[in-house]
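A.B. asks: Here are the chains, one letter per residue:
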Amino acid sequence: MCDIIWCKKMVDGKPCNTVNYLDPYCFWNWEGKVNCAECGTVYYIHMIQGHMYKGPEERPGEKPDTSPLYADKPLDGYSNYSPGVEGRTRPFECLPRHIYLGVPDMRKFSIRGRPLRGWRPQPPDGGIAGSYKFNWDLKRLSPEVWEEYQRMLRDGEVKDW
Amino acid sequence: MAKDPRVCRLEELDGPKSKQELDEMKMPYEDYCRAAFAPGGEFSRPLSLKGIRWLSTTMYIFTPHSVSNLAELGAEVIKVEMPRMGDPMRHCAPFNETYLYPLHDTRPMTGTGMGYLNANPNEYHITMDYHLDEMKEAFYRLVKMSDGLTECYRPGTFDRWKQSYRYLIEMNPRFIYVWGGGFGYGPKVFGGSYDILGQAHAGLASVTGMHEFMGGHCTKHSNWCIDWYSGTQITFGILAAIHWRRKTGLGTMIEFSQVQAATRCLGYAAPLYGRFGIVRQRWGNWDTQLCVHGIILAGKSDYPDAINPQDRLDARYVMVSAFNDPDFKELCEVIKKPDLYSRYQKHKDRVEGEAQVEIYAALEEWAKDKSRGDVVRILQGAGLLAEPVMNDREVYECEHYRLRGTIRWQDDPIFGDVLAMGSYGAGLMSKTPRRLYWIWRPVGADNVKIYHELLGYPTAKIEEWYSKAMI
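For the protein sequence lines, the chains are R and U, in the order given.
The numbering of the first sequence is the working numbering, which starts it at 333 and goes up by one.
The numbering of the second sequence is the working numbering, which starts it at 9 and goes up by one.
Keep in mind that a hint or two might mislead.
Computed list of lysine to any residue pairs in SDA-like fashion (alpha-carbon distance at most 20 Å, straight line) [to be verified]:
(1) U/Lys376 to R/Gly364
(2) R/Lys465 to U/Glu84
(3) U/Lys308 to R/Lys465
(4) R/Lys365 to U/Lys255
(5) U/Lys378 to R/Trp362
The hints are simulated quantities; they were obtained by calculation from the structure and are not laboratory data.
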């Protein structure tokens, strides 16, 4: 459950009619300005313990501090803005946005720089009835990752912890 | 020795029998523990459950975890998955991190997600469509040479397929059979369960979360804690059943309802209702029985410049405990609110809801211009119990856990470099420690090992089954 700003700003003679969802977690105790994902109108709000204490009040000409989590236009079918649409909605704060790309993230190295062996596509190496060998032989099966690992070792990019 | 052998006096026991024993007895307790548990030395020690063979026809986390506990303690666990598909949990990846490994060579672009980690370590993974008549023989042969089985199908499914307890016990009277499901038998027998359903239907979610005053609603725990908890409860039942079998030679059936398991976490809720008719409420980060004994929000993060938003925005919570009267007095002095103490000198007064509202508000007011670290330092400096609410990164970097080996890096034979915590964080054992050999294996990775090497089927037969998608 979260509070919303239902934007009624008139745009081109029609009300904007966008519901901007204020994720309870980050707006729980928050004072600042947040934009409408559709028309960009900036609203000042002050939330205390998850309740709207002040606002939403329009602040024309001012820049927003943040954006709603996501937004939709309920009177307009199911059109919506997903979280993390640049300039309209904000990314999930629960995930490091700089690595969250919205697509499966094929990591080839762990955060300490040692090789992982779990990306796709990988060459099928199943034996009889898909019985894989016990060890993934990185050097043989993923030579390009092996090469990169050797370079990282040389450059001191591999850590113990 | 004492004359009466039932009497045991420490001072009359024989002393150390060697210099090694003498040194051990002289060790400070800290050194003794470090030597006794020696993280990293697990693999040179015996396995407590070596010799136990267990079948796992399980999915997701709850039932797999019940047998992975056995596997970590040394049992040989054979996990049976659907041919070509595998455990559905393999597809439940967190959405930015998936495809650890091709699911199968027939579906090379489909992978296994991070959600599968920790629930199936050390297991052998085979595939079998065991409801086909052609595969019954192999299934029954496995039953005959195994100690038990855990399954999680809808009630009566295995019975319909003639592989429930009452059939299998005829083949192997020592067999221990576990059915782990949603509601168990009874009026809601056909109800399945997920962790969230267990949390909700057992009444647990209703007491978890913020009070109405805090704008709250009931909350489920983000992690699937009832899956893990129920799985561990099943393991406990299995170990008791193994012990029973050693005494009697007989197997047993364990019927386990995930929904019922979560009721156990409710503590005094049912007795409270039974006695007074009071329905227990949620009370957020505070405690209904103790005050001050909760989590407060500090104004500033410990890492205001961090890139990771969980550090930058969220490293602000502090656990504070000062519920006895002298501690509360000290706390009020620290936050410069002596009037609070004068009004709520006795615990029975301050544990009331209205008092808690006032006390915690005052604490957060005091903490609003301080960082989490400042709050902890000030309170600890005053001799009070306060600890930061740590996030995963901080746990991972915490020297305490590293030294104990409860979080460690492991070079998995297939996955590669993995930060492991599940096995080693589940309790240390000096003589027969848990250990992690591998975090999981691809679907059907051990088909040849089990069908050919254990059961003796010719490889031509295995290839035939495989080509027909029976395995």
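A.B. asks: Hints first: check each against the structure and report whether it holds.
C.D. replies: Hint check results:
| no. | hint | in the structure |
| --- | --- | --- |
| 1 | U/Lys376 to R/Gly364 | 17 Å, holds |
| 2 | R/Lys465 to U/Glu84 | 18 Å, holds |
| 3 | U/Lys308 to R/Lys465 | 51 Å, violated |
| 4 | R/Lys365 to U/Lys255 | 70 Å, violated |
| 5 | U/Lys378 to R/Trp362 | 17 Å, holds |
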